[in-house]
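> Chains as they are written, first to last, in the working numbering: chain A, 3 to 190; chain B, 16 to 524; chain C, 354 to 500.
Everything labelled a hint here was simulated from the structure, so no lab data went into it. It is possible that some hints are incorrect.
[As the list claims (entries may be wrong)] Quick list of the computed label-pair ranges, beta carbon to beta carbon:
hint : chain 1 : residue 1 : chain 2 : residue 2 : range
1    : A       : Gln-61    : B       : Glu-437   : 57 to 63 Å
2    : C       : Arg-491   : A       : Ile-28    : 26 to 32 Å
3    : B       : Asn-81    : A       : Leu-6     : 40 to 46 Å
4    : A       : Pro-62    : C       : Ser-456   : 25 to 31 Å
5    : B       : Asn-52    : A       : Gly-31    : 38 to 44 Å
6    : A       : Tyr-181   : B       : Gly-456   : 23 to 29 Å
7    : B       : Gly-456   : C       : Met-409   : 52 to 58 Å
8    : B       : Asn-52    : A       : Lys-35    : 38 to 44 Å
Think of the CB as a built atom: it goes at the ideal place given N, C-alpha and C, for glycine as much as any other residue.
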Amino acid sequence: MLELLAERFNFIIVIVLMMTGLYAVIATGNLVKRLVGLSLFQTSVFLLYITMGKVFGGQPPILPEYGGGHGEGYGGDGAHGTGDAAHAAAGEAAHGAEDVLQQAAEALTEPVASTQAHAVLDGADGIGHAVYSNPLPHVLILTAIVVGVATLAVGLALVVRIRESYGTIEDEAINSADYAIDRGEIGR
Amino acid sequence: MIDTLTSFLPPLLADHAVVLAVVIPLTLAPVAAIMPNGRLGWLVALLGTLAAAILTIAIAGDVAQNGIISYALGDWAPPHGIEFRVDALNAAVLVLVAVLGLLGVVYALPSVADEIARDKQSLFYSAFLVCIAGLMGVASTGDAFNMFVFLEISSISTYTLVGMGAGNDRRALTAAYNYLILGTIGATFFVIGVGFLYMATGTLNMADIADRLPAIQDSRVVQAAFAFIIVGLGLKAAMFPLHLWLPNAYAFAPNFVTVFLASTATKVAFYTLIRFVFDIFPSDAPFVQVSFLWVFAVLGVIGMIAGSIQAIFQNDARRLLAFSSVAQVGYMMLGLGIGTMAGISAGVLHLLNHAMMKGALFMALGIFALRFGVRQISDLSGLARSMPATSVAFTIGALSLVGVPMTVGFWSKWYLVGAALEAGWWWAAAAVIISSLLALGYVARLLAAIWVGKVPVHRGEEVHSRAPLSMAVPLWILAAANIVFFFDLSPVLEMARAAAEAAFAGGIR
Amino acid sequence: MNPHLVLRVVSKLLIPIIVIFGFYVHFHGDYSPGGGFQAGVIIASAVILYALIFGMDAAREAVPAWFVRAGSAVGVLIYGGTGFLTWLLGGNFLSYDMLDPDSTHHAGQHLGILLVELGVLTTVFSVMVVIFYTFASRAPDIPEGEW
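Construct the complete structure from the given sequences, taking the supplied hints into account.
So this is what it looks like as structure tokens:
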């Protein structure tokens with residue numbers, strides 16, 4: 003039992019966050035708190051996606067460090083081979099390496115029957131193997147985060163406007179103000 | 016009719032029409048936003064929707080002749096890259112959105128000038144362009160996650176459009192807020208479902224998912240994905256118990272926004288439901304089969320009766336029609352739930368027809384609101400004398416809503432009842448008839464006020480008014496369509512049949 | 354003496370660095386982590402920091418409201434324009450290879466990504482600042498001193 007829990011730790015967190023968020027959306031009458039709940043709910047989904055992109059022992063899906071000393075590791079352009087890899091990736095060498103990464107990314111989506119994507123970087127000589135996490139969910143979630151930010155901004159803007167015209171952000175007070183209009187007690 | 020249209024565009028446009036129909040409105044949106052006044056903003060919006068309408072008609076002609084169009088964005092070949100894929104089903108939806116968008120924009124200028132603050136008008140048109148681009152994107156994309164993004168593009172702009180009704184009535188703000196909360200929950204459910212599908216299949220391309228699902232249809236991940244996606248899209252489509260956002264959003268949005276939303280937004284969401292239920296998920300899998308009867312048909316029937324009953328008791332004219340929309344979504348759901356070719360084509364037929372009738376009704380209400388500030392049913396009193404032409408157009412739309420012969424609404428019900436009886440669902444057929452009788456009830460309230468009510472009098476004289484020409488023309492186009500298509504339904508029916516065949520043949524597969 | 358002296362001095366030192374870091378993130382975005390969105394947010398955060406420390410009026414002078422409003426539109430146009438350019442050059446929409454078709458190592462891809470991300474940067478920066486300006490310039494119900 004405990005093992006099962008430990009194995010699915012991320013999913014448990016996802017479920018807890020999701021339910022907390024959804025509960026907050028339903029239960030609170032405060033419009034801002036409701037948006038907070040909504041964000042929490044969305045965040046849990048981000049976590050779900052990130053979890054499925056994780057490969058055990060995988061590195062971040064960034065051009066891996068090709069290691070000092072591998073002078074010829076760059077499709078023939080040895081001058082960049084040494085030194086810090088992040089910068090060495092610049093210039094001509096990067097293109098060769100990037101192609102490899104692209105191929106690997108394609109290989110990644112091709113045979114995946116599960117999320118356990120073990121992509122192998124072995125296009126060019128000397129680069130060797132690297133196991134890296136599936137980058138696609140990260141990209142998707144980056145998009146989803148942007149969508150979430152936009153939603154939150156629109157939601158908060160609406161709350162500001164509601165506050166200005168009703169003088170409150172409590173659901174019940176707003177409803178009773180609207181009922182008063184419906185009954186014609188106050189002019190529009 | 017539509018397959019006789021040979022492609023009339025030059026190849027540079029015709030080959031890329033699928034993507035341009037989405038991208039042109041999207042790119043014109045920022046242009047509209049920096050326009051100094053509303054009139055120029057309107058002109059940009061008109062250009063965008065005109066381009067979209069021409070392109071979608073070309074697309075529909077192309078699909079009818081040459082079959083499925085597939086377009087690889089950025090030359091990244093389909094299962095890996097994002098693909099736009101159009102078959103007869105989404106071609107029909109694309110034409111609907113673009114043409115009604117165009118009619119809506121033609122209609123918009125006086126109404127928007129009246130309802131929206133001066134300095135906000137160009138931003139308003141900008142949001143509208145984003146919205147229509149999002150809807151077209153949903154209808155053309157072949158990638159599940161991309162569909163979510165487009166769905167949210169259209170939804171977020173819809174929230175702002177609805178909220179802009181605050182100038183008339185501050186309840187537009189709370190309506191937009193509630194729509195935002197529910198819409199976002201729906202979208203998030205959809206994303207969870209897509210995530211599960213990705214877990215199970217390792218791909219996001221809808222055609223690819225469809226290929227891989229039958230082999231793993233017993234997996235609980237797939238079944239959970241189905242449930243999440245149905246709930247998420249059901250929220251967007253205002254399927255019966257998930258319709259709570261709709262009445263207020265329609266009732267308090269600016270009139271033009273209501274015209275546009277009522278005739279397009281829920282239709283696009285309904286299209287996505289058909290796409291997922293029939294094309295992507297294996298429609299012969301037990302869990303999908305169960306959902307036909309117990310989710311779509313039963314909830315559709317409850318929705319059409321409950322929506323009609325609630326409509327009868329409304330006092331606000333637009334709210335009444337909004338509840339009627341909930342009922343109409345029920346008809347479409349029933350068509351989907353019958354699950355036969357006849358059922359789907361009846362559903363799609365009603366989708367197209369409903370856009371015509373509700374478009375005409377809300378347009379007429381918008382004209383009444385512009386001239387007489389009509390909001391309540393009692394405000395409609397005697398308008399047949401004050402604005403006879405517009406009242407006649409309104410009446411045509413209203414009769415079509417009930418399904419009176421001589422209007423296109425009759426055929427909707429005819430084919431729906433026929434499909435239900437063919438499947439042996441006499442109870443569904445009975446529900447359609449009961450709901451039509453209820454529709455007669457709420458429509459009678461509107462028409463009685465217009466035709467029998469007391470004529471508005473101002474300083475002892477009867478008030479008369481005319482609709483502005485730019486509003487009357489699109490109204491009459493839609494009203495005339497309601498009658499013309501009764502006598503010759505074949506173009507619409509052909510579209511609906513082709514769409515149903517595409518859904519059934521697994522057109523996307 | 355100004356009570357915010359330390360904050361003012363430190364932020365004056367920091368703001369240029371933040372902006373430069375933002376551009377670094379942008380221009381490395383095509384082959385390392387980063388890109389227009391992150392860069393736009395970073396640069397916008399510099400403006401927001403400036404507004405917090407020196408006040409809205411000073412920030413409005415440095416980055417006028419019309420500038421960000423136009424920027425949010427121009428960014429999308431850069432993005433869309435790249436797509437239309439590749440289309441006019443004969444490729445599919447956003448097919449970057451068309452920008453440099455003779456290149457053997459996808460120089461077009463790099464160029465295209467940079468252009469598109471430049472559009473993203475412009476829009477994200479502008480929209481972030483617009484959102485901040487819009488919220489910050491609403492008159493508060495509670496007077497400043499009574500928080």
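> None of the hints should be skipped; say for each whether it holds.
A quick look at each hint next to the structure:
no. : hint                              : result
1   : A:Gln-61 x B:Glu-437: 57 to 63 Å  : holds, 59 Å
2   : C:Arg-491 x A:Ile-28: 26 to 32 Å  : holds, 29 Å
3   : B:Asn-81 x A:Leu-6: 40 to 46 Å    : violated, 53 Å
4   : A:Pro-62 x C:Ser-456: 25 to 31 Å  : holds, 28 Å
5   : B:Asn-52 x A:Gly-31: 38 to 44 Å   : holds, 41 Å
6   : A:Tyr-181 x B:Gly-456: 23 to 29 Å : holds, 26 Å
7   : B:Gly-456 x C:Met-409: 52 to 58 Å : holds, 57 Å
8   : B:Asn-52 x A:Lys-35: 38 to 44 Å   : holds, 40 Å
The structure shown violates just one earlier hint, number 3.
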